[in-house]
Amino acid sequence: MIRAFVLSLAMIAVALPAAAHKLRVFAFVEGETVKVEAKFSSGRIPKAGEVRVMDAEEALVLTLPLDPEGMTSFPLDPDAAADGLMIEVRAGDGHSNYWLLTPADIQRGRVGQ
Amino acid sequence: MRRLRALTAGVAMLAASVAAAAEKPVIAAVNYPLAYFAERLGGDAVEVLFPIPADADPAFWRPKLKDIAAIQAADLIALNGAGYAAWTTKASLRRSRIVDTSAGFSDDYIQTETVTHSHGDGGEHSHAAIATHTWLDFALAARQAEALASAMARRVPEAAATVDAARSDLIGELEALDREAAAAAEALRGRAIIATHPRYQYFARAYGLDIRSLEWEAGEAPSEKQWRDLTALAEETGAAILLWEAAPPDAARERAAAAGFADAMLPTLANRPGTGDFLSAMRSALADLAALAPTD
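Protein chains in written order, with numbering that gives the first Met the number 0: chain A, 0 to 112; chain B, 0 to 295.
Some chain B residues judged to face chain A by a derived CB distance under 7 Å, without partners named: (1) Leu64; (2) Ile67; (3) Ala68; (4) Gln71; (5) Lys89; (6) Ala90; (7) Ser91.
In case anyone wonders, no lab produced these hints; they're calculated from the structure. The C-beta atom is built at its ideal place from N, Cα and C for all residues, glycine as well.
The following block holds chain A by itself, in its conformation from the complex (with noise of 0.2 Å):
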């Protein structure tokens, strides 16, 4: 669990400086589980927002509300997320950013690496 937690962080730093200012948007799979964080980068948390959720084809799974604290949260569908997964975040004044999910990124998650 703390691996995938260390792991999580050492990839959300890949993020590049020019993407300042920016709702940044991070979402991983922890057991089946599926979690969203959003945040601005100047660390800002947004204080309300829609997440949608997409298969590999773009097709709408689920729309949820993003909780006073910049994150939600969702049970994995195995069969949505056989290919992947979407998360786009909409936190109002034209600010979304999404996060993609593989195959692969999903199968860590559940397993737990």
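Fit chain B to the given chain A structure using the hints.
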């Protein structure tokens, strides 16, 4: 029987060659210059993955999940750095497989205009951006090629000998291109130039040119407002040279000429050119640029 044995051997050889091709180390690149460098450095020893469609700007490409899955599986992922290709921050890319080819000169990145705006409850604030098209300074492009070569030799040891053999030729040709650009720019020094798109910050700095930029869409006909913006900028700067990033409609070139502008195409080559390669396409563009210099 003999024919059957020969056929079997032929099939086995074909299968082995297909398997060998399939097992080549894969180098993924975020833009065409890096893909070209990887092709030159790796030759037949590697497969270069550059999945961006020909009509897309790699800087703003939005990959599909299958694209990211293929890139994640690459042995090495060549990033331009300087914030180029935002998609690279929207998926998990293993740090051990990444080479940021401009990290070695990050102190030389060019900051672009500071943008001040406000939204939400955050109040008015500013942030600066970084110019991304580093490879248009061909000396920096050579440093990016060096960084890529080192990463390929380290990360893909089976291709190290091929990379080492190709490295000096590629670097030498990029250094020669740098000298050609300097020579082409020499006769244009002191003359203001207007570019239709803000892509030439590194080119302008490297070769001592005064290039101001508009925000026209590459390859599209400018609107009336955009023509007025051009007129205003030309009056402000005295510019009579116009650089296009991509070929505009003929009518746009004719109108620019009627307004007194000499023009040339200077493609960034962020994506693969229709003909030629990075070096030949850039040399051709530099020759067109040099032809704008007064002959007297």
